[in-house]
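Peer 1: Hints given; two lone chains; assemble the complex.
Chains A and B are the protein sequences, given in the same order. Take any residue in the first sequence, count from 1 to its spot, add 17: that is its number in this note's numbering. Take any residue in the second sequence, count from 1 to its spot, add 3: that is its number in this note's numbering.
Worth flagging that the hints you see were computed from the coordinates, not collected in a lab. The structure displayed is predicted, hence computed values, not measured ones. A portion of the hints provided could be inaccurate.
Take a look, some chain B residues computed to stay more than 10 angstroms from chain A by CB distance [unchecked claim]:
1) 62
2) 70
3) 72
4) 102
5) 117
6) 128
7) 132
8) 172
For each label pair, taking beta carbons as the anchor points, the in silico distance ranges come out as [unchecked claim]:
9) A:599 to B:179: 42 to 50 angstroms
10) B:52 to A:486: 38 to 46 angstroms
11) A:182 to B:52: 14 to 22 angstroms
12) B:156 to A:105: 36 to 44 angstroms
13) A:409 to B:97: 54 to 62 angstroms
14) B:63 to A:351: 23 to 31 angstroms
15) B:71 to A:184: 32 to 40 angstroms
Note that beta-carbon positions come from the ideal geometry of N, C-alpha and C, so glycine has one too.
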Amino acid sequence: MISTTTDSPFADQNGHSHARESFFRKYLWTYDHKMIGLQYFWTALFFLFIGGALALAVRYQLAMPGSVVPVIGRFLPQTIAVDGAIIPGGYNMLVTMHATIMVFFVVMPILIGAFGNFLIPLQIGAGDMAFPLLNELSYWLYVVSGFVILGAFFAPGGAPGTGWTAYAPLSAVASYNGTQVGQSLWGIAIFINGLSSIAGATNYVTTIVNLRAPGMSMFRMPLTVWSLFVTAILLIFAVPVLSAAAAMLFADLNLGTSFFKPAEGGQPLLWQHLFWFFGHPEVYIMILPAMGLTSEIIPVFSRKPIFGYKAMVYAMMAIGGLGFVVWGHHMFVSGMNLTLSAAFSLSTMVIAVPSAIKTFNWLGTVWRGSLEFTTPMCFALAFVSMFVIGGLSGIFMASTPVDLFVHHTYFIVAHIHYVLFGGSIFSVFAAIYFWFPKMFGRMLNESLGKLHFLLTFIFFNLTFFPMHNLGLGGMMRRIADPMVYQHLRQLQPLNQICTIGAMGLGLTMFVFLWNVIYSLRKGPKAPANPWHANTLEWTVPSPPGHGNFEKTPTVYHGAYEYSVPGIVEDYLPQNVPAPEHARLESH
Amino acid sequence: MSTAVLTHESPSHSGASPATCKFGMIIFLLSEGMLFSGLIAGYFVLRWAAVGFPWQPGAAWPSDPSLPHLPVFLTSINTIFLVSSSFTFHFGEVAVQKGKSGLWWLALTILLGATFVGIQAVEWMHLYHEGLWFNKGGIYGSSFFVITGFHGLHVFIGVLLITWCFLRQLLTRCFTPQRHPALANVALYWHFVDVVWIFLFVLLYWI
Numbered sequence: 018m019i020s021t022t023t024d025s026p027f028a029d030q031n032g033h034s035h036a037r038e039s040f041f042r043k044y045l046w047t048y049d050h051k052m053i054g055l056q057y058f059w060t061a062l063f064f065l066f067i068g069g070a071l072a073l074a075v076r077y078q079l080a081m082p083g084s085v086v087p088v089i090g091r092f093l094p095q096t097i098a099v100d101g102a103i104i105p106g107g108y109n110m111l112v113t114m115h116a117t118i119m120v121f122f123v124v125m126p127i128l129i130g131a132f133g134n135f136l137i138p139l140q141i142g143a144g145d146m147a148f149p150l151l152n153e154l155s156y157w158l159y160v161v162s163g164f165v166i167l168g169a170f171f172a173p174g175g176a177p178g179t180g181w182t183a184y185a186p187l188s189a190v191a192s193y194n195g196t197q198v199g200q201s202l203w204g205i206a207i208f209i210n211g212l213s214s215i216a217g218a219t220n221y222v223t224t225i226v227n228l229r230a231p232g233m234s235m236f237r238m239p240l241t242v243w244s245l246f247v248t249a250i251l252l253i254f255a256v257p258v259l260s261a262a263a264a265m266l267f268a269d270l271n272l273g274t275s276f277f278k279p280a281e282g283g284q285p286l287l288w289q290h291l292f293w294f295f296g297h298p299e300v301y302i303m304i305l306p307a308m309g310l311t312s313e314i315i316p317v318f319s320r321k322p323i324f325g326y327k328a329m330v331y332a333m334m335a336i337g338g339l340g341f342v343v344w345g346h347h348m349f350v351s352g353m354n355l356t357l358s359a360a361f362s363l364s365t366m367v368i369a370v371p372s373a374i375k376t377f378n379w380l381g382t383v384w385r386g387s388l389e390f391t392t393p394m395c396f397a398l399a400f401v402s403m404f405v406i407g408g409l410s411g412i413f414m415a416s417t418p419v420d421l422f423v424h425h426t427y428f429i430v431a432h433i434h435y436v437l438f439g440g441s442i443f444s445v446f447a448a449i450y451f452w453f454p455k456m457f458g459r460m461l462n463e464s465l466g467k468l469h470f471l472l473t474f475i476f477f478n479l480t481f482f483p484m485h486n487l488g489l490g491g492m493m494r495r496i497a498d499p500m501v502y503q504h505l506r507q508l509q510p511l512n513q514i515c516t517i518g519a520m521g522l523g524l525t526m527f528v529f530l531w532n533v534i535y536s537l538r539k540g541p542k543a544p545a546n547p548w549h550a551n552t553l554e555w556t557v558p559s560p561p562g563h564g565n566f567e568k569t570p571t572v573y574h575g576a577y578e579y580s581v582p583g584i585v586e587d588y589l590p591q592n593v594p595a596p597e598h599a600r601l602e603s604h
Numbered sequence: 004m005s006t007a008v009l010t011h012e013s014p015s016h017s018g019a020s021p022a023t024c025k026f027g028m029i030i031f032l033l034s035e036g037m038l039f040s041g042l043i044a045g046y047f048v049l050r051w052a053a054v055g056f057p058w059q060p061g062a063a064w065p066s067d068p069s070l071p072h073l074p075v076f077l078t079s080i081n082t083i084f085l086v087s088s089s090f091t092f093h094f095g096e097v098a099v100q101k102g103k104s105g106l107w108w109l110a111l112t113i114l115l116g117a118t119f120v121g122i123q124a125v126e127w128m129h130l131y132h133e134g135l136w137f138n139k140g141g142i143y144g145s146s147f148f149v150i151t152g153f154h155g156l157h158v159f160i161g162v163l164l165i166t167w168c169f170l171r172q173l174l175t176r177c178f179t180p181q182r183h184p185a186l187a188n189v190a191l192y193w194h195f196v197d198v199v200w201i202f203l204f205v206l207l208y209w210i
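The following block holds chain B by itself, in its conformation from the complex (with noise of 0.2 angstroms):
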């Protein structure tokens, strides 16, 4: 009896390569877009349907003025910290590329992406408190809560994700200026959520 032994690189024996994940994680966060694009669009269709585009006069939105408005200044700080984690991630990325342990990098990034999720869950009381909620305000509340609440979610579980990243790298120092690719695809991934933040920040609060 030969002693055949498998000579394909198969995954299911030595691990997908870090370009195959970083392709299966692309292909991931295009379905992810999709997502939120079919959340915006309802969102634009329902504000079209109720009160015109926004350059047509008297497209106020929300049309009742006795709705209370979004803290636009409050989150427009919390998008910064949001942004500016998406660069200390990247430069913890950078720091295991040349070697080093990027824990700092990563712990500063952990506490951005937490800093955004406490804010955003202030934002939310308020609102609640102030007479806007998913059953409350008609489409306006409902839109509101469920893109930004799938959002937050999202960053939620960067956020898990950053702080499995960090432990591992703290714990055995997995990554390696050659192979991480669990550091990048959460990179990506949180740089997603990010973008799709500015999204949300623009059409939400500005528009």
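Isolated chain A, as found in the complex (with noise of 0.2 angstroms):
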């Protein structure tokens, strides 16, 4: 029933061929779409890491304000902690460089330059990307902006304490910021950051029109594929206009312009348009391939076809274009136009739809289905519920009465965490638990994945459920003592039960780890479609040889044929043609 490439020798002929590879053309700078991927994966985890430890330090010093922090206090900067103790500028620091590192350094990495890397060709029937060389100079590039951003501790004056929104004026003029060095790097580092998306979604984009095999035609793609197709065309037209907000602010900061300065006739509500009009849709960037990589496993652990196939990807169209138009709703309170307000606010609410539609496709693939609770499927069913408890606290802030009083707080803490992290990275390792067997060949362990999956899903909840409750209490978020506030010293159990759960969460990462580790080393090997399911990257060995296919695949159908009845097998994969008497969902 399987593709006979299964059992070929082509992987070892291959595998031959990459062993007289140096360890620089194969490791450093390959142009294997596969090794980029794997090189996008580890670089992410490494900034995971580092996002990681940066926002522990943020919630010790929440819960134990002003007190050593242990382990990472000695390490660091003295802008940022003096004798191990945070002081307050520097915890602005530790909330810029988290969030900034989280969302450029990590999830658009992971989910664009990890997954949309190793699955877009394969997942297409593609020998790799149209561009490899602009592919490998793509992560490159995402490397050089990473240590920039890190420079930035480094510099006179310390990191960018101005939020990972950089709002003018205090980012524009050095004398308030206090450190034009630090700011000024992090503006290049978005600069680099966005030319590496941009050359990357340029490949993706160009490959998924072009290079699709015979037979694939755009509605028998894998979601995931059209996810990040998308995403790619969202970040052609929303990232450059960062870049362009980003050239400016450097401008202010070094060149003595006045774009963002009202001193000298500027604007600093221009730099919340501009930066805002890439930031609305960068949160769909972010979470578009997190749902693609989720219509793909959920279906193969129900064992039935995606619920409302071409619904999946209307609705993908519908959050993408939307997402241009309702920038405005991060900026109801700078004292915008009221009746544009309204505006923002209705286009926002809209958004909702497809997202409901999206989350009830999933609910009906599930749905009767013969479930299998692996963990990449625990960690998918964590995604759907906790993105519904992140999609239903948005919409209190598309209103804009409500959003006047929770914008502040840590309502919308809780609200970015539970898209951002129950959303994006739960996704994530879902994904990783998924096709770590076709990246590396070797099985995940399961039991300490379902350990990973129960840890993190407990402490995610316990650090972020309890911010929905701090911030209707009246906490403000980037304050770095809430002890100083009277009517906060009432909430502080609360602040120190999120913390708790931010060490377990921190903690739980070890789990993961060492899963990692083991398996690469131990783990059992990984047979070429260990999950049975159907889409093109399961027809070759694990992991592909280099060029993917022996043979360009010819695909017959969608990717969602299971459980289809008049067949044997509960899957079909897409390049077995379907006997006669079989009714499939696709055509």
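Peer 2: Below, the structure is given as structure tokens:
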């Protein structure tokens, strides 16, 4: 039933040719999309640990304001912590760097860089990306921007402390933010990171449009590819606007221009508009691939076709399109025109419709399926439920009158983490457990995986759920010491609960890390198709050889033909024609 | 052991087809278009907030009459140079499609492009001495120099790219009537930079 490539000598043959490649050509400067995906994967994981450590320092400070931070306190620069105790300005730096690193150096690279690179050519039946050199260039631009952003820690005056949104005039006037070099490095890092994103996105769109295997029509593509396609288009149109804004910010700081300086005729609101014109599509850039990966995993472990394939595609397009006309909902408190606020409120609430379509379709897929609760499935289902919580709290913020009250509180911190951690990162874990066998040729340990899932799920909710209460209780975000405020003292136990949860999350990551290290060396060898899935990457050996497919596959139907009536097996890979009498979902 | 040969036209082995390269270039240029859109939108916001819409009374720009005016005449000539360089590049491409070398047309394009950058540099120096610079003349100076700077950088990179095409053609005659993706893509980029300039010229110098 499965394609014959499974037991061909193809992999070994290419294994030999790989062995002859130098270390440099194989791991550092490679044109193979799979290895570039892995480069992104490891680099983003490295940044995940850095961003996580920063978050733990933030949480420690909020639970025990002003006390010496254990373990990492000694490593923090003088601008952040004096004798291991975090100072208020340093707290701002930690928050800023945590958010910047998590958004630009963890979630985007791992979702789009790692899984995008690894999966797109494999799932559409191509040998590689359209422009392999551009692909590798995109990775190294990402690495360079990573060095620049980490370099900001060592700048005179320290890292930028203006939040990941870098609102002007605080960010644009050196005497306000106190770190001209740090803030400039932030701008440079964002600019270079943007170049990397644009290079990658150009490659993805071109590859998906031009290099699909025969028979792989657009509406037979797996939803992962669709999600990355829509994401890449969002990147193409949104990222350059941030690049322009970052360049203007850099010029304000270093060339004496006055774009965002009100004293010289500039407009601080202009920064907010430019930033959020990028920033809101960015939110969907970080969630759409997560939705795509989840849409792949849920049908496989429900042994059912995805519910409403085309509706899923159109919903993603709708989310992507609407994403460009809602940016103003981040600015309700900026004093903008109220009629405009109402328009942005409305357009934002409309996004609930395609999001709900997706959610109900996932539920429809699970409904009466024969569920297998493997680790990837657990994470994928957790993604759906956490995304619902994060989505619902988003509706509160979409409504201007409510937003005016909760905007600068921990309610919004809870919301962002429910969609970005509970959403994106949960689906990243789901995808890692699901595609690890294909990436490395070894299975991850299920028991450790389950433990990792359970602890992550518990500690995640322990960390972020109380933040809703903190926010509604009046706790402002971006404050270094809640104990300074009379009305927040009674909420301090909640802050400590959040911190306990965060510490737990941090420690849980080591369960995951141990699982990865252990499984890479001792894990059972992965068969070509361990999950009995339909998409093309499972028709080639694990890991796939150079050039992916021995022979260009021909695609006969959509990717979600599970439990088709009239077929003995409960799955039907895309490159296997269906028998005459089978009743397929797709055509 | 079978001698499995890759039959797939995978780009890692044979390079992307010219049509694919062109598609990629267009996608990239869309992105570049958004970069300039961001800059131009910023310019509008700053200017309208400062003096109102151009058709409103009293919307003189710059608002401070002591600031130097932009040399519209010189830049009009410069614009003619840049626009004609797009035509010469196109004729070069047509020549290559007809099986000729197209080297003279490319050389002329490089000359016109370099002239544009040169005159732009002279104009910058002139304005600097008149008292308009990144940090002088408020948002008027800021937006003019950052926007024309970004565009000038694009033209400069374009000139380098055309020079690269010229040298490749001169030394290896690599562009054939059937296959000249590098030349076609640099041409696309050059036309794009040209069109952006027409917008910038109208917005910054005329209105």
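Peer 1: For each hint, tell me whether it holds in the structure or not.
Peer 2: How the hints compare with the structure:
no.: 1; hint: 62; result: holds (15 angstroms)
no.: 2; hint: 70; result: holds (12 angstroms)
no.: 3; hint: 72; result: holds (18 angstroms)
no.: 4; hint: 102; result: holds (27 angstroms)
no.: 5; hint: 117; result: holds (24 angstroms)
no.: 6; hint: 128; result: holds (16 angstroms)
no.: 7; hint: 132; result: holds (17 angstroms)
no.: 8; hint: 172; result: holds (21 angstroms)
no.: 9; hint: A:599 to B:179: 42 to 50 angstroms; result: holds (49 angstroms)
no.: 10; hint: B:52 to A:486: 38 to 46 angstroms; result: holds (40 angstroms)
no.: 11; hint: A:182 to B:52: 14 to 22 angstroms; result: holds (21 angstroms)
no.: 12; hint: B:156 to A:105: 36 to 44 angstroms; result: holds (40 angstroms)
no.: 13; hint: A:409 to B:97: 54 to 62 angstroms; result: holds (60 angstroms)
no.: 14; hint: B:63 to A:351: 23 to 31 angstroms; result: holds (29 angstroms)
no.: 15; hint: B:71 to A:184: 32 to 40 angstroms; result: holds (33 angstroms)
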